[in-house]
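*Asks:* Listed below, chain by chain, are the residues.
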Amino acid sequence: MREITYLEAVREAMSQEMRKNDDVFILGEDIGVYGGAFGVTRGMIEEFGPERVRNTPISESGIAGAAVGSALTGMRPILELQFSDFITIALDQIANQAAKVRYMYGGKGKVPMVLRTPSGSGTGAAAQHSQSLEAWVAHVPGLKVVQPSTAYDVKGLLKAAMDDDNPVIFYEHKLLYKSKSDVPEEQYSIPLGQADVKREGTDTTIVATAIMVQRALEAADELEKEGISVEVIDPRTLVPLDEETIIKSVSKTGRLVVVHEAVKRGGYGGEIASMIAESAAFDYLDAPIKRLGGAESPIPYNPELEKAHVPQVPDIVKAVKETLNRK
Amino acid sequence: MEKLNVPEQISNDKLKDIYKQMWLIRYFDEKVDEFFAKGMIHGTTHLAVGQEASAAGACAVIEQKDKITSTHRGHGHCIAKGATVDKMMAELFGRTTGYCKGKGGSMHIADVEMGNLGANGIVAGGIPLAVGSALTAHMKKLDYVTLCFFGDGATNEGSFHEALNLASVWNLPVIFICENNQYGMSGSVKEMVKVEDIATRSKSYGFPGVVVDGNDVVEMMNVTNEAVERARKGEGPTLIEAKTYRWKGHSKSDAKKYRTREEEKEWKAKDGIKRFKEVLLEANILTEEQEEVLRKEAKKEVEDSVEFAKNSPMPGKEELLTDVYA
Amino acid sequence: MAKEVFMPKLSSTMEVGTLLQWLKEEGDSVEVGEPLFEIMTDKINIEVESYEDGVLLKKYNQVDDEVPVNAVIAYIGEENEEVPDEAPQGENQEDSGGDSDNDEEVTQVSTNKEETSEESDGKVRATPAARRVARENDLTLSSINGSGPKGRVHEKDVTTSLETKDGRLITPLAEKVAADNGLNLDEIQGTGSRGKITKSDVLGHVSSGTAESEEPERIKLKGLRKAVADKMLASARSIPHVTLTTDVDMTKVIEVRKALLPVIEEQTGYRLSYTEIIMKATAHVLGNHPTVNASLVDNEIVMNKSVNLGLAVAIDNGLIVPSVPAVQSQGLAELTVNSKTLGKKARNGKLTPDEMTGSTFTISNLGMYAIDGFTPIINPPETAILGVGRITEKAVVVDGSIEVKPMMVLSLSFDHRAIDGAPAAAFLTELKERLENPYGLLV
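Residue numbers (the UniProt record's numbering), protein chains in the order written: chain A, 1 to 327; chain B, 1 to 326; chain C, 1 to 443.
Hints were generated in silico from the structure; no laboratory data involved. Possibly wrong hints are sitting among the right ones.
[Said to hold, decoys possible] Straight line, CA to CA, 25 angstroms or less: simulated DMTMM-like cross-link-like pairs of lysine to aspartate or glutamate: (1) A:Lys318 / C:Glu26; (2) B:Lys296 / B:Asp17; (3) A:Lys321 / C:Glu25; (4) C:Lys156 / A:Glu222; (5) C:Lys156 / C:Glu136; (6) B:Lys14 / B:Glu291; (7) A:Lys327 / C:Asp28; (8) A:Lys248 / C:Glu136; (9) A:Lys321 / C:Glu78; (10) B:Lys277 / B:Glu263; (11) B:Lys140 / A:Glu12; (12) B:Lys270 / B:Glu196; (13) B:Lys87 / B:Asp304; (14) B:Lys65 / A:Asp165; (15) B:Lys16 / B:Asp271; (16) B:Lys140 / A:Asp30; (17) A:Lys252 / A:Glu271; (18) C:Lys150 / A:Glu322; (19) B:Lys233 / A:Asp22; (20) A:Lys318 / C:Glu82; (21) C:Lys156 / A:Asp283; (22) B:Lys38 / B:Glu307; (23) B:Lys140 / A:Asp22; (24) C:Lys59 / C:Glu86; (25) A:Lys252 / C:Glu163; (26) B:Lys65 / A:Asp23; (27) A:Lys198 / A:Glu186; (28) A:Lys318 / C:Asp85; (29) A:Lys318 / C:Asp28; (30) C:Lys3 / A:Glu322.
[To be verified] So these bits of chain B aren't anywhere near chain A, every CB distance computed over 12 angstroms: (31) Gly39; (32) Gln64; (33) Met192; (34) Glu196; (35) Val210; (36) Asn222; (37) Asp254; (38) Ala255.
Cβ atoms here follow ideal geometry from the backbone N, Cα and C, with glycine treated the same way.
The following block holds chain A by itself, in its conformation from the complex (with noise of 0.2 angstroms):
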């Protein structure tokens, strides 16, 4: 199989499914000619031409009422927002309009859409474009919220996103777009709520999204090392949330770590946490449930800064000791 990078799998993804299906279009800020603020674009203006991929003025708001509108007429819109702090800015047609509509109408009507934006500090971008609010967007029940931490979990994942009638809320992270993985070439769908186990192990069980899935998995190598068995679960979604994976994952290890880039509080390592603490392993449960997440702070410029926000690889490891009582 060949290798290709996480962004050119998203990019592959979206290109194989508008060949198949003409409902399929892209709209977003500088996605033409530009290629889009990280690239993923980059090309597809040239093939799919200006209809399909429709480069939009500034407005978030405006561009994602045009998604869920047009998704409830007939289209299967990918709506691109530059960088994912902008959803605060659409918001409304996101939380208020797409999740509820078909609620609201007694079940007539639905919005096929997905919402791809890249999340995630680690480029210096500061406050403002850093930012990682999943947690936002997955307590609003009608939409669906994926984080895919590889290239061949992007590819699969999208793929199921964009045939899903639902919003579905797609996170990229910035610093993921170069990593690469073997990625079939053919369109492959990666089911929306099935976790995936990235590394089995016995003594204690991390569940990490997006990024942190490859710090955690670091994380285990060093710990490994001292003879620490852990287990890496990358949900992929979190809405829905394999919670029955992490659950026998916990009741088989008995202890659990959650780790995000999202501020720690009111992240959606809680729901993780609680969702266990409530589950049938909490009785397997031998140490108090460890959360990792970014520090209660904006995300600040200076890089120093900026790394010390989010959990790294060491933060990992002395956690996982630590529901082990070892030093």
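Position chains B and C against the provided structure of chain A, taking the given hints into account.
*Replies:* The following block gives chains B and C in isolation, referenced to the frame of chain A:
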């Protein structure tokens, strides 16, 4: 019987239907008002009494394939787009036979299949949706237009401006209809908007804006029809400002302290239904007797809708978690 | 807030303790009652147990350091709590402004953790998994020692307690040492409480089991061995010893024992041995010879009122002398219970400092070996010691004819500075007579 100055496709029979529809809207909202006052329905509601002409006139010139988006004050648009009052009343009673199976209520009545993309509880929330709907028509090369209703208050929302600009740069078949009923809740349009006519805001986005007497159903038809024709020809959007007045307060608990009784009286004198009746009588399209029959039919329809609603089942608890996802 | 660990004062005469080994490392979690370090005092070496639950935050002393009594030797507290880099100077602490600042900081940290008030609510800290396993096995959590922070019981603690319920107990350190040496735990004899295997048991096994080398094994004189060595040397060097011996006909003692053994066993569950009868007789006779029951302290002869008999007990790698107090007022049954209990405690290393001090006269019994007479070394500040040999049948001339009698040799060493030959001889003679006619003891 003479021919009124109305769009070609509007027959005299259609005019009678429109007249009856205006009464249907009024009776419906008055009944709803009464039920809320009696505590028979819960939640909140926003009544369009006095604004019947803009909804009825605008929707008169479009077809079933065409679409509308509506507002929190949406019962009139809904009826004008062809909804049955039975299902609307049932929705307000929270019954399974309602348009939304009792899950939406007054602010969210929609009939997607009939082209009503829904009322909207968020001020200006429906405007970008209408643009999206128009985008579909454009991309799929479907010959439908989208009428986008909103109030004067919505024109101060960012999404109004974003949506108008988007529709303009993409040249989409959408007609923006601002029903300027003079108040956004308590905020007088005179206080909240500096321009004389909201319609002039279209100039910023490079398409026509028209001011119309919103209580003149004939003028509403003609102006809307012109805009629809432009849209169908691919000439892009139009902004219509229909100047009108809501007779009732903003919602059920409004003491209307922000306006005077004199002002209300003045506007009631410009009642769109009364004026249309005079036009129809004068043109011999309608006799007094026929007028009374139409009015009674409308009243009966509303009364029947109440019976229908009251006799409809309540949703079971199992309905709570259905329809969240497709 | 972090708690100081002090060098304990284990006897009235103890001024310093020598640190022999740390049984915990910095960062290890420690629970109340767990051995923290081993020290040697002027009398014994002993494992010092923790009075706190928590984490060993800081060790201020190295092995072989002599640490004054009440000096801070370590800190136990919450993980990551701040403690001083240098051991605080006991009495001077309050005078030091810097230190009190530190204290405040430490307090704040622990207050933030909101765990200070949770210590004494009587509830057991245990993880859900530990609770489940305990529930499934009808175990009471409070009976299980938790290995987690603040004694939190983890699943492994419960399963461990299950495994050792009828089998082996082992300290974590011993387990580690055994694992490091690839030893089979079944082959190791535990000497701790309930046969708990300690590190020294494992090390003892290691040294005994692998002594195949041609090289002589060299064992550093330390710990109890060192304490015994020092004490014996001091005694032998400074005390002018004289040893007297006499043969005792044990016929009647044997009769008495035979008669009383079932009675006392029924009453107490302990078996009467010759030692207790000899102790009883000794106490009785010492009452008539107070000079032999004296101590020599700082050029003063202290005539002790009570007869507190030291009982030399051989243990691994040393000798230890528990003291049975007020023997003169104890009946044989009581005495049997007390001496057996103390002997067991001594062998299990469970003697308290009080139980090792205060003896006024010591008995050293080698009767289980093929030993008749010997020259015991006095246990200062006592002034005399009685050596007891085996009971063996000997040909004895009685009224001109030879008879076979069970005979035993008594050896009395006395401090000639305090006691002269005649009173010592008189004491030993009366003791011999008392043992040969023991029925008087019973009245």
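*Asks:* For each hint, tell me whether it holds in the structure or not.
*Replies:* A quick look at each hint next to the structure:
Between A:Lys318 and C:Glu26 the CA atoms are separated by roughly 17 angstroms; this keeps the pair inside 25 angstroms, and the hint holds. A distance of roughly 13 angstroms separates the Cα atoms of B:Lys296 and B:Asp17; the hinted pair therefore holds under the 25 angstroms criterion. In summary, the hint linking A:Lys321 to C:Glu25 is supported, as the alpha carbons are separated by about 17 angstroms, within the 25 angstroms threshold. Straight-line distance between C-alpha atoms of C:Lys156 and A:Glu222 comes to about 24 angstroms, which keeps the hinted pair within the 25 angstroms bound.
Restraint check for C:Lys156 and C:Glu136: satisfied, since their Cα atoms lie roughly 14 angstroms apart, inside the 25 angstroms limit. The hinted pair formed by B:Lys14 and B:Glu291 meets the criterion: a straight-line CA distance of about 14 angstroms does not exceed 25 angstroms. Of the pairs offered as hints, the one joining A:Lys327 and C:Asp28 holds, with about 8 angstroms between alpha carbons and a cut-off of 25 angstroms not exceeded. The hinted pair formed by A:Lys248 and C:Glu136 meets the criterion: a straight-line CA distance of about 20 angstroms does not exceed 25 angstroms.
Annotation: proposed proximity of A:Lys321 to C:Glu78 holds, straight-line Cα distance about 16 angstroms (limit 25 angstroms). Under the criterion of a C-alpha separation no larger than 25 angstroms, the hint pairing B:Lys277 with B:Glu263 is consistent with the structure, at around 23 angstroms. Between B:Lys140 and A:Glu12 the CA atoms are separated by roughly 24 angstroms; this keeps the pair inside 25 angstroms, and the hint holds. Between B:Lys270 and B:Glu196 the alpha-carbon distance is near 20 angstroms, which keeps this suggested pair within the 25 angstroms criterion.
A threshold of 25 angstroms between alpha carbons decides the hint, and for B:Lys87 with B:Asp304 the separation of about 11 angstroms falls inside it, so the pair holds. Straight-line distance between C-alpha atoms of B:Lys65 and A:Asp165 comes to about 23 angstroms, which keeps the hinted pair within the 25 angstroms bound. At roughly 17 angstroms between alpha-carbon atoms, B:Lys16 and B:Asp271 fall within 25 angstroms of each other, so this suggested pair holds. In summary, the hint linking B:Lys140 to A:Asp30 is supported, as the alpha carbons are separated by about 23 angstroms, within the 25 angstroms threshold.
As the CA atoms of A:Lys252 and A:Glu271 are separated by approximately 20 angstroms, the hinted pair is consistent with the 25 angstroms bound. Among the hinted pairs, C:Lys150 with A:Glu322 is consistent with the structure: their alpha-carbon atoms are about 14 angstroms apart, no more than 25 angstroms. For the given pair, B:Lys233 sits about 23 angstroms from A:Asp22 by alpha-carbon distance, which is consistent with the 25 angstroms threshold. Among the hinted pairs, A:Lys318 with C:Glu82 is consistent with the structure: their alpha-carbon atoms are about 18 angstroms apart, no more than 25 angstroms.
Among the hinted pairs, C:Lys156 with A:Asp283 is consistent with the structure: their alpha-carbon atoms are about 14 angstroms apart, no more than 25 angstroms. At most 25 angstroms may separate the alpha-carbon atoms for a hinted pair to count; B:Lys38 and B:Glu307 meet this at roughly 16 angstroms. Between the alpha carbons of B:Lys140 and A:Asp22 the distance comes to roughly 9 angstroms, so the proposed pair stays at or under 25 angstroms and holds. Restraint check for C:Lys59 and C:Glu86: the C-alpha separation of about 10 angstroms stays at or below 25 angstroms, so the hint holds.
Using a Cα cut-off of 25 angstroms, the hinted pair A:Lys252 and C:Glu163 holds, with the two alpha carbons roughly 21 angstroms apart. For the hint linking B:Lys65 to A:Asp23, the alpha-carbon distance of about 19 angstroms falls within 25 angstroms, and the restraint holds. Distance check on the hinted pair: A:Lys198 and A:Glu186 sit about 23 angstroms apart at the alpha-carbon level, within 25 angstroms; holds. This hinted pair checks out: A:Lys318 and C:Asp85 have alpha carbons roughly 24 angstroms apart, not beyond 25 angstroms.
A threshold of 25 angstroms between alpha carbons decides the hint, and for A:Lys318 with C:Asp28 the separation of about 15 angstroms falls inside it, so the pair holds. Restraint check for C:Lys3 and A:Glu322: satisfied, since their Cα atoms lie roughly 22 angstroms apart, inside the 25 angstroms limit. Every C-beta of chain A lies more than 12 angstroms from that of B:Gly39, the closest at about 24 angstroms, which supports listing it as non-interface. Every C-beta of chain A lies more than 12 angstroms from that of B:Gln64, the closest at about 14 angstroms, which supports listing it as non-interface.
With 12 angstroms as the threshold on Cβ separation, the claim that B:Met192 sits away from chain A holds: the shortest Cβ distance comes to roughly 20 angstroms. Here B:Glu196 stays apart from chain A, with its beta-carbon at least about 26 angstroms from theirs, past the 12 angstroms limit. Distance check on B:Val210: its Cβ is at least 22 angstroms (rounded) from any Cβ of chain A, clearing the 12 angstroms threshold; non-interface status holds. The claim that B:Asn222 lies off the interface holds: its Cβ sits roughly 27 angstroms from the closest Cβ of chain A, which is beyond the 12 angstroms cut-off.
No Cβ of chain A comes within 12 angstroms of the Cβ of B:Asp254; the nearest lies about 23 angstroms off, and the non-interface call holds. Non-interface call for B:Ala255 relative to chain A: holds, since the shortest CB-CB distance, roughly 28 angstroms, exceeds 12 angstroms.
Checked against the numbered hints listed earlier, the structure breaks none of them; every hint is satisfied.
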